[in-house]
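Engineer: Chains A, B and C supply the protein sequences, listed in that same order. Every letter in the first sequence is one number past the one before it in the numbering used here, and letter 84, counting from 1, is 86. Every letter in the second sequence is one number past the one before it in the numbering used here, and letter 231, counting from 1, is 1123. Every letter in the third sequence is one number past the one before it in the numbering used here, and letter 206, counting from 1, is 213.
FYI, nobody ran anything at the bench for these hints, they're computed from the structure. Don't take each hint at face value.
[What the hints assert, rightly or not] Interface residues of chain B toward chain A, partial, derived using beta-carbon atoms under 7 Å: (1) Gly948; (2) Pro950; (3) Pro972; (4) Asp1135.
Using N, Cα and C, we set each Cβ at its ideal position, and we do this for glycine too.
Below are the chains, spelled out letter by letter.
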Amino acid sequence: MLLQQLINGLMLGASYALIGVAFSLILGIFDMLNIAIGEVFMLGAFFGLALVTRGMPFLPALLIAMVLAGLVNLVVERFAFRPLRGTPPVIPLLSSIGFSMLLTDTAVNVWGSERTQFPPSVRVLNFELGPILVSSVQLVILGTAVLLMVVLHLLVERTKIGRGMRAVAENPETASILGVDARRVIVTTFFASGALAGAAGMLVGLTFSVISPFIGIEIGLKGVVAMVVGGAGNIQGAMLAGPILGIAEVLSVAYLGAVYRDVVVYGLLILVLVVRPQGLLGAVERARL
Amino acid sequence: MTLSDYHQTLLLLTGINILLGWSAYLPLATGQLSLGNAGFMAVGAYAASLLTVQQGWPLTPAIVVGALLAAGLGVLVGFPALRLHGIYLAIATLGFGEIVRTFFLNFERTGGPMGMRGMSGTTLGMVWAWVLACGIGLFVLAHARLGLSLDAVHDDEVAAELIGLNVTAVKVGAFGAGAALAGLGGGLYAHHILFIEPGTFNFLESITMVLFVLLGGMRTFWGTIIGAAVFTILPDLLRFLKDWRGAFFGALLVALLIARPWGLLPRRTLRIPLRRLARTGG
Amino acid sequence: MLQFRGVSKHFGGLQAVADLTLAVPAGRITGLIGPNGAGKTTVFNLVTGVFPPTTGSITFEREELVGRRPHQVVRLGISRTFQTPRLFRGMTVWEHVLVAQNHRPGWGGGLVLRGARGRALLEEAREALDLVGLWDARERPAAALTYGDQRRLEIARALGAAPRLMLLDEPAAGMNPAESEALLRTLEKVRAAGVTLLLIEHDMSVVMNLCDRVAVLNFGQKIAEGAPAEVQVDPAVLEAYLGTD
């Protein structure tokens, strides 16, 4: 029933929010879209899988998966973004698409193209909150997502490196004059973006219990939609739009049928881009000369 | 000398890929990156197939209608696309392509997820006749004043508008013409491959079309010929890569963009018309 | 030739142009001056239809410009240059002037060398490049030009559009005295070719030597108008310039 659907949508949306934030971080600060984040997400799920099947408990597995995912994103930065600095943003976008293809195919070769079971790594307890059934798994997912976003928020708003990130987002030339270390900002941002995507991967593995090397492609697009709907480059916007998108998707499956699911999602994307391109909370426009 | 069936097929596919590459090239020439041309390809493919299989139409008129429908859709999409630039346009076209694919996934008349079969008739000569015709058109465009208009819109829309160019017409026109070429390629492809399903026209296909343009160099239309040819023939030569072909092409794309060899190519191949003029004018 | 009547432009809370009424006479060179941020470039954008005025009308030879899209304004006979040159980086010098002719009726649409009309246009393009002194550089890529040459190319391109009125946005910006001298001569030649000029300029020597009439804007309002010598000693003008120092 409706409330249950809303909860399910919220769970799904938590992952979308994380991916959306991962996109917004890079777009808002560097004006570039890293499509490969979808594959970083997928790799996060597989890294988590590898660790959990070896008996590692949830939390350490999550953290290590996040670190590994962050490192993968740094590799993407090294080859798809750094050498293409100064070119129009579509060029690095295309390069990140190339990376996406590379990573997907590599994953297929390493782990096979079939769907793989994600073993339950959290003790499943079910709680009844009135008319709704909530499982401990869902609480873990929601809690982790919220925690990560709070941590990110603190990073961006309260730390020195966060100030650097905001300065570069505002105006990179001024930022460098003011002594902001561009390299550190780049590394931090890409690492954080990758780590969030990797975390989302593991959480989705937990949600659906099955993963495959192809989950990155779909989630990539959904994450972009979440970002655009919330406001391109706007981190808070992505946090808001993620759940909205998740709920919209779940409701459309429940009431319109599964076939319309993608139409709703992509239709929302186009609607926002054409009618209100700045999204719900306003896009973060990097000052361009 | 007759080519083996195998080589004929390769040549035929190369021709279709050239048309598809040009479909991505035209909007790109006006500064618009479209990642949704598979959607236009699908429209052309399904429309032509419906006409031949269910209405008994002869092949060429059916393909033409398919291309025109795709063009119409392209113009329709081209107008709201004017408001978007760069990556936002790319994302929106990507979404559009996915919407078209989802539409055909649910469209019973074309078989839904089961796809359509029963098409046939594409020949090597037919494909290359189209390639030649379109190629001549593009050649003329590249060396005519209209080609200059496209270049101006590509380089600076604002300045182009302020020397009197109707930027809207140029951009929407390029978008629609690109869609027509994709629809044409789709129709030809459907009647070669004998069976199509919505999964054929996915995001990967759209990206591949852009890859043809990139491989050959974004600045000239004939570069796309090289890109399409290489991309069609190479997978076969690289058979040893087997399951790693996708990874290889992804890595190739990344490497190409880093190396950017096309930066060295001049935009206009034959400067003859201008040179002759320069002598008489000087 | 160009008539502003009660033209105002608001951007949100900011008033960029306030109740501007101004007549730009044909055949003359009119200057539009004023401190930075006075709204001068906004006036140009209003004329060329980049955005519409909040109120008022702008007529060009009796034709209302408000409501027209930029390319339509250009086709009526107005072209412009920009504060910083906006050239077509992938095109040669030649091609800039040629493409500016594309909007004109009867350009043939086909290959560059087609028929008498085509040759006439090519001849005109050559004259435009000759006027600014870039004929010898015609095959050079625009991206390779020096700053001064880029500004000259902008003028040649604007000429290619066959304007009766040309708007020049700070044509002398960034030029040394020798270059400004050359610019003066070029613009005189443009005027002699029958083009009315309206220019925004900060370089007072250019304004004094070139303009027949000058209008002064401050905070979006016209505070003075007249011959350069008159305006130079107008107390309101002096206050606007000196007061902001």
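Engineer: Double-check Gly948 (chain B) for me: the hint is only fine if its C-beta lies closer than 7 Å to a C-beta in chain A.
Structural biologist: Since the shortest Cβ distance to chain A is 30 Å, the answer is violated.
Engineer: The hint names Pro972 (chain B) as touching chain A; please verify it with the least Cβ-Cβ distance against 7 Å.
Structural biologist: holds (5 Å)
Engineer: Verify the interface restraint on Pro950 (chain B): the C-beta must sit less than 7 Å from at least one C-beta of chain A.
Structural biologist: violated (34 Å)
Engineer: Mind checking the CB of Asp1135 (chain B) against every CB in chain A and telling me if the closest is under 7 Å?
Structural biologist: With a minimum Cβ separation of about 5 Å from chain A (threshold 7 Å), the hint on Asp1135 (chain B) holds.
The structure fails to meet hints 1 and 2 from the earlier list, while all remaining hints are met.
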